[in-house]
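**Student:** Since chain A is already given, all that's left is putting chain B on it; use the hints.
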Amino acid sequence: MMIEVRNLQKKFGALEVLRGVTFSVAKGEAITIIGISGGGKSILLKHLIGLITPDSGEIHIDGQNIAGMDERQLMPVRRKFGMLFQGAALFDSMTVEENVAFILSRERTSSPAEIAQRVAEVLELVGLNGIQKKKPAELSGGMRKRVGLARAVIYHPEILLYDEPTTGLDPIASDSIDQLIIRVVEKLQVTSIAVTHDMRSARRIGQRILMLHEGRIYADQTPEEIFQSTDPVIYRFVNGIADLKEHHPV
Amino acid sequence: MTTMAKQFAEEWFGGLGRGTLLCRDIAVSLFLAKPKWRDVLYQMYFIGVKSQSVVAITGAFTGMVLCAQTYFQFHKIKMDTATLAVVSVGMGSELGPVLAGLMVAGRVGAAIAAELGTMRVTEQIDALRTLAAHPVDYLVVPRFLATLLVMPLLTAGSVCVGILAGYLVAVFLLGINPTYIWYNMLHYTHLNDMLTGMIKTFIFGAIIAVVACYKGLTCPQGAEGVGRATTEAVVYSSITILISNFFLTMLLNRWLP
Chain A
1 MMIEVRNLQK KFGALEVLRG VTFSVAKGEA ITIIGISGGG KSILLKHLIG LITPDSGEIH
61 IDGQNIAGMD ERQLMPVRRK FGMLFQGAAL FDSMTVEENV AFILSRERTS SPAEIAQRVA
121 EVLELVGLNG IQKKKPAELS GGMRKRVGLA RAVIYHPEIL LYDEPTTGLD PIASDSIDQL
181 IIRVVEKLQV TSIAVTHDMR SARRIGQRIL MLHEGRIYAD QTPEEIFQST DPVIYRFVNG
241 IADLKEHHPV
Chain B
1 MTTMAKQFAE EWFGGLGRGT LLCRDIAVSL FLAKPKWRDV LYQMYFIGVK SQSVVAITGA
61 FTGMVLCAQT YFQFHKIKMD TATLAVVSVG MGSELGPVLA GLMVAGRVGA AIAAELGTMR
121 VTEQIDALRT LAAHPVDYLV VPRFLATLLV MPLLTAGSVC VGILAGYLVA VFLLGINPTY
181 IWYNMLHYTH LNDMLTGMIK TFIFGAIIAV VACYKGLTCP QGAEGVGRAT TEAVVYSSIT
241 ILISNFFLTM LLNRWLP
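Sequence lines, in order, name chains A and B. So that you can map any letter, position 146 of the first sequence is 146 in our numbering, and since no number is skipped, the others follow by simple counting. So that you can map any letter, position 213 of the second sequence is 213 in our numbering, and since no number is skipped, the others follow by simple counting.
Just so you know, these hints were derived from the structure itself, not from any lab. Hints are supplied without guarantee of correctness; some may be wrong.
[To be verified] List of simulated lysine-lysine pairs, BS3-like, C-alpha gap at most 27 Å:
no.: 1; chain 1: B; residue 1: Lys34; chain 2: B; residue 2: Lys50
no.: 2; chain 1: B; residue 1: Lys36; chain 2: A; residue 2: Lys135
no.: 3; chain 1: A; residue 1: Lys134; chain 2: B; residue 2: Lys36
no.: 4; chain 1: A; residue 1: Lys187; chain 2: A; residue 2: Lys27
no.: 5; chain 1: A; residue 1: Lys80; chain 2: A; residue 2: Lys187
no.: 6; chain 1: A; residue 1: Lys27; chain 2: A; residue 2: Lys80
no.: 7; chain 1: A; residue 1: Lys133; chain 2: B; residue 2: Lys36
no.: 8; chain 1: A; residue 1: Lys80; chain 2: B; residue 2: Lys34
no.: 9; chain 1: B; residue 1: Lys36; chain 2: B; residue 2: Lys50
no.: 10; chain 1: A; residue 1: Lys135; chain 2: B; residue 2: Lys50
no.: 11; chain 1: A; residue 1: Lys80; chain 2: B; residue 2: Lys36
no.: 12; chain 1: B; residue 1: Lys34; chain 2: A; residue 2: Lys134
no.: 13; chain 1: A; residue 1: Lys11; chain 2: B; residue 2: Lys34
[What the hints assert, rightly or not] A short, non-exhaustive set of chain B residues, derived as facing chain A with CB atoms under 10 Å:
no.: 14; residue: Asp25
no.: 15; residue: Ile26
no.: 16; residue: Lys36
no.: 17; residue: Glu115
no.: 18; residue: Thr122
no.: 19; residue: Gln124
no.: 20; residue: Asp126
no.: 21; residue: Leu128
no.: 22; residue: Thr130
no.: 23; residue: Ala132
no.: 24; residue: Tyr138
no.: 25; residue: Glu232
Cβ atoms here follow ideal geometry from the backbone N, Cα and C, with glycine treated the same way.
One chain only, chain B, in its complex shape:
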């Protein structure tokens, strides 16, 4: 039991240390090596454009459900016209960034970990190093920058679609007065609510890229290793997003009340 606990602690702290070193290498690379914007653009296409539909569908149905549930409760106390304001604030500051983060972690995090993991087990990363290309400069930084840049855009799209879907449900299915719910939404949604959400998206993007790249670059040998690295990339980045979201909410609401 003691040996198992020791081994777990070694693996956990070792992983944390290596992850921190990867973050340091990314920072060093951003200063020392000029990023190849062509690679960044390609990754933005893969991570951003290809994830649009998944994130938009998630946003739409979350907005619709949130709208319906809010209406069912608010209707009891005659606050029907505040429904869309709840959808807007909820989507903009919490659900939009978190759900977009989770969807991107699932789609992109898994793909990054699997790609880098396969490259590692087939010695392609060693080949890169022998060709005097630093794996962090060539593989990690473009993915990191791309995820960081597309996450706010994806989230903004998801939030807009969510609010629009909520509006349609409120007006056409629940019969709420469109003028009042639109006015109340604008009245009760503040810039800081959206800003809170946007700040979160940068941090979630960084988490997804770092965790997925780390898992890919340290992938154990064999097909089983690639499978494990892929699963762990999704699980660890999703859990980190959910945990960090709580602390970010507390922190950002102090800074941007």
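Extracted from the complex, chain A is given alone in its bound form:
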């Protein structure tokens, strides 16, 4: 297994966000984690890359338990990951080119010409070649996410994490991001985990869907099974029903 999470628990003050999350992801698999807003999906995702330390439980990445590691021990593990943040989290003091080339420039193993070539390639992959000199403030939300994705894939990570990749985007921009994620997963053959509450997106980008409910993995099924489920919790979430009693199917 590429990722194996066992009995992961996390509390913030009195609030129990994760109450024993257990799941695993095979190499090359694309999964989606769904659940209500504020339900702990992003917290779970940040645990996988060591941005948050769990209270208890184990997180195995490629056989290595990262749960007790400190920041410096985590650095080589994080090299296996690429992450697309909800707001893209581009460095606003840098140009697009500097953002995308960040990790290569720091490693100093490639020449400036090689770095520029790689930047152009990944920007081409996300359909944005030619905007190298622009600043993040000059880009639209969808473009920022594409640049964020380019930055995450430039060093060929083995695992890609997407935190709400389509949140805040219009349906067309959301569709293009979905297509892009599918293309990246197919082209780069990476393991991918996306967190979303956009059901259309979840259905398209995940081979398997995990539903996080009340701090635990409530369901672990294929997209078809999730969409055909009659389980009230899953049915309500998938169909966006606040109260089943007041629900009047169209």
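**Tutor:** For chain B alone, kept in the frame of chain A given last:
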């Protein structure tokens, strides 16, 4: 009341502990990770060059006021020509480092806390970490080294401008004999007075960088959080400078009498 006191104590000691851990991380980073001198130079430009005018103006007017006040008192006991010596010792060992420290804390401390705080709330620091860059290596150490290196230079500039401004006031406004005040200044100002001030500047620089970076890196969420972190960075670093100055004065005057 007890709950409030407990919460305050928890926050205070927790903050002190986290600040100490940041100092440890800086020390570890200085040994383990080679500092990127390009980043340090950029920060030196921002912290040092851009603060020059503020610190020089502060030094000039402090030197002028100190000169005038000293003259008004010394004139009563016919010690007019010792005026510039007081300005020189006062500026070199106390006022220069403290006022430069306070001005840099206000200008640079606020900017560092606001920049890092904004990076934190917009997840840019998390993004750095996912890109296998340690925030202390990448963000804190260059600012720490830059502040440490530019503070003595800024202070030296401020002290020189202060003495020069004091000299001009003494000679051209107060009519004191230039030869005697210059001679007395050189006679009564010792190397240790200047050394005391320079040692202080390194410590004040470290205080400003650590407090501002700590406040930025632990900034609460939202615009209000960034505002609070910025204010606290200036207030805490200024107060720490003033308190530590007293203890440093006592300590350094024993070591360098």
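**Student:** Does the structure keep lysine 134/A and lysine 36/B at a Cα separation of 27 Å or less?
**Tutor:** Since the Cα atoms of lysine 134/A and lysine 36/B sit roughly 25 Å apart, the hinted pair holds (cutoff 27 Å).
**Student:** Against chain A, is glutamate 115/B within 10 Å by beta-carbon distance?
**Tutor:** Check passed: Cβ of glutamate 115/B comes within 8 Å of chain A, closer than 10 Å.
**Student:** Would you check the hint for lysine 34/B and lysine 50/B, treating anything up to 27 Å between C-alpha atoms as holding?
**Tutor:** holds (26 Å)
**Student:** Between lysine 36/B and lysine 50/B, is the straight-line Cα distance small enough, at 27 Å or below?
**Tutor:** Holds, at roughly 21 Å.
**Student:** Does isoleucine 26/B meet its interface restraint, that is, does its C-beta lie within less than 10 Å of any C-beta in chain A?
**Tutor:** violated (13 Å)
**Student:** Are the Cα atoms of lysine 27/A and lysine 80/A separated by 27 Å or less?
**Tutor:** It holds: about 12 Å lies between the C-alpha atoms, which stays within 27 Å.
**Student:** Once the shortest beta carbon distance from glutamate 232/B to chain A is found, is it less than 10 Å?
**Tutor:** violated (22 Å)
**Student:** Please verify whether lysine 80/A and lysine 34/B have alpha carbons no more than 27 Å apart.
**Tutor:** Distance ~23 Å between lysine 80/A and lysine 34/B Cα, so the pair holds.
**Student:** Next item in the hint list is tyrosine 138/B. Is there a CB on chain A closer than 10 Å to its CB?
**Tutor:** It holds, given that the least Cβ distance between tyrosine 138/B and chain A is near 8 Å, below 10 Å.
**Student:** Hint check: lysine 80/A vs lysine 187/A, CA-CA at most 27 Å. Holds or violated?
**Tutor:** holds (17 Å)
**Student:** Assess, step by step, whether the Cα of lysine 36/B is no farther than 27 Å from the Cα of lysine 135/A, and give holds or violated.
**Tutor:** Answer holds: lysine 36/B to lysine 135/A is near 23 Å, not above 27 Å.
**Student:** Was the hint right that aspartate 126/B lines chain A, CB cutoff 10 Å?
**Tutor:** At about 5 Å, which falls below the 10 Å cut-off, the nearest Cβ of chain A leaves the hint on aspartate 126/B intact, so it holds.
The structure is inconsistent with the numbered hints 12, 13, 15 and 25, although it conforms to all the rest.
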